[in-house]
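Which chain is which? The protein sequence lines are V and E, in order.
Final position of the first sequence in the numbering used here is 113; the numbers increase by one with none missing.
Final position of the second sequence in the numbering used here is 112; the numbers increase by one with none missing.
Everything labelled a hint here was simulated from the structure, so no lab data went into it.
Some clues are possibly wrong.
For each label pair, taking beta carbons as the anchor points, the in silico distance ranges come out as [as the list claims (entries may be wrong)]:
1. ASP55(E) to SER70(V): 39 to 45 Å
2. PHE95(V) to MET54(E): 16 to 22 Å
3. SER26(E) to ASP99(V): 47 to 53 Å
4. PRO82(E) to GLU52(V): 17 to 23 Å
5. GLY97(V) to THR10(E): 21 to 27 Å
6. ALA29(E) to PHE95(V): 36 to 42 Å
7. THR7(V) to THR96(E): 40 to 46 Å
Here are a few chain E residues that face chain V, going by a calculated C-beta distance under 7 Å [as the list claims (entries may be wrong)]:
8. ALA24
9. TYR25
10. ALA29
11. TYR32
12. ILE34
13. LYS42
14. GLY43
15. ASP49
16. ASN53
17. ASN93
18. GLN99
19. PHE102
20. THR104
Keeping only pairs whose Cα atoms sit at most 27 Å apart, straight-line, the calculated DSS-like set for lysine-lysine is [claimed, not checked]:
21. LYS56(E) to LYS13(V)
22. LYS57(V) to LYS42(E)
23. LYS57(V) to LYS13(V)
24. LYS56(E) to LYS68(E)
25. LYS57(V) to LYS56(E)
26. LYS71(E) to LYS56(E)
Everything numeric in this text was worked out from a predicted model, so none of it was measured.
Note that CB positions come from ideal geometry on N, CA and C, so glycine has one too.
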Amino acid sequence: KAGVTQTPRYLIKTRGQQVTLSCSPISGHRSVSWYQQTPGQGLQFLFEYFSETQRNKGNFPGRFSGRQFSNSRSEMNVSTLELGDSALYLCASSFGGGDSPLHFGNGTRLTVT
Amino acid sequence: GESVGLHLPTLSVQEGDNSIINCAYSNSASDYFIWYKQESGKGPQFIIDIRSNMDKRQGQRVTVLLNKTVKHLSLQIAATQPGDSAVYFCAENRNTGNQFYFGTGTSLTVIP
Chain V
1 KAGVTQTPRY LIKTRGQQVT LSCSPISGHR SVSWYQQTPG QGLQFLFEYF SETQRNKGNF
61 PGRFSGRQFS NSRSEMNVST LELGDSALYL CASSFGGGDS PLHFGNGTRL TVT
Chain E
1 GESVGLHLPT LSVQEGDNSI INCAYSNSAS DYFIWYKQES GKGPQFIIDI RSNMDKRQGQ
61 RVTVLLNKTV KHLSLQIAAT QPGDSAVYFC AENRNTGNQF YFGTGTSLTV IP
């Protein structure tokens, strides 16, 4: 079974630009969650989508948004990029019941200059 | 070798020894816990999980222990190998849907 696929693997953007990250979940998983990982803050929850609906949202500004498509694939968008948005963005898929493990992709490394 | 909670982020052990990685959690409502391994340049990889109605669960060379009284979780790795060198995270679900909270991680280095 194919794992979680995230594209692109690396991105370099300039302050003020916007970026879109993509995630393809494991087949059969309807939940997709996004996490931001930085050395200082660790893994922080951004949001979770289930059947095209956002179910949970973390404590991030509105510049961070996402969506999920009918095939469970998900995208995350960050607008008006700031230097502090530089991080590894991880996507995880699961069955979504809160009692099954998240399966992570290898992330997108975003650098904002 | 043994780490203590989140205050000792690094652990070095000799190859072949057993490793113990600890994690403290704060929310008594947490009912599902997961251990992840993250190698450089990769995403976290699922190792083992445990539900709050259990206190021990074993996998291949790994054991997770859950002590709900003191809100403590540990991961034991038997016969640690160089390939076990990585950062290990505990994650808890606080019974609030599918959102997980991650610990800060422990970096395990296996000395050949």
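Kindly confirm whether 40 to 46 Å is satisfied by the beta carbon distance between THR7(V) and THR96(E).
Given about 30 Å between the Cβ atoms, the range is violated.
Using the beta carbons of PHE95(V) and MET54(E), state whether their distance is inside 16 to 22 Å or not.
This hint holds: roughly 19 Å between Cβ atoms.
Are SER26(E) and ASP99(V) spaced within 47 to 53 Å by their CB atoms?
Since the Cβ atoms of SER26(E) and ASP99(V) sit about 20 Å apart, the hinted range of 47 to 53 Å is violated.
If you take the shortest Cβ to Cβ gap from ASN93(E) to chain V, is it below 7 Å?
holds, 5 Å
Closest C-beta approach of ASN53(E) to chain V relative to 7 Å, hint status
violated, 11 Å
Does the interface hint hold: is LYS42(E) within less than 7 Å of chain V, judged Cβ to Cβ?
holds, 5 Å
Is it true that the CA of LYS57(V) sits at most 27 Å from the CA of LYS42(E)?
holds, 24 Å
For the pair supplied as a hint, LYS57(V) and LYS13(V), confirm whether the alpha-carbon distance does not exceed 27 Å.
holds, 25 Å
Proposed interface contact between TYR32(E) and chain V, which counts if any beta carbon pair is under 7 Å
OK, holds: TYR32(E) within 7 Å of chain V, min 5 Å.
Falls inside 36 to 42 Å, the C-beta gap from ALA29(E) to PHE95(V)?
Taking Cβ atoms as reference, ALA29(E) and PHE95(V) lie about 21 Å apart, which means the hint is violated.
Quick check on the hint: PHE102(E) CB to chain V CB, less than 7 Å?
holds, 4 Å
Hint validity - ASP49(E) Cβ closer than 7 Å to any chain V Cβ:
holds, 5 Å
Violated hints for the displayed structure, listed by number in ascending order: 3, 4, 5, 6, 7, 8, 9, 10, 16, 21, 25.
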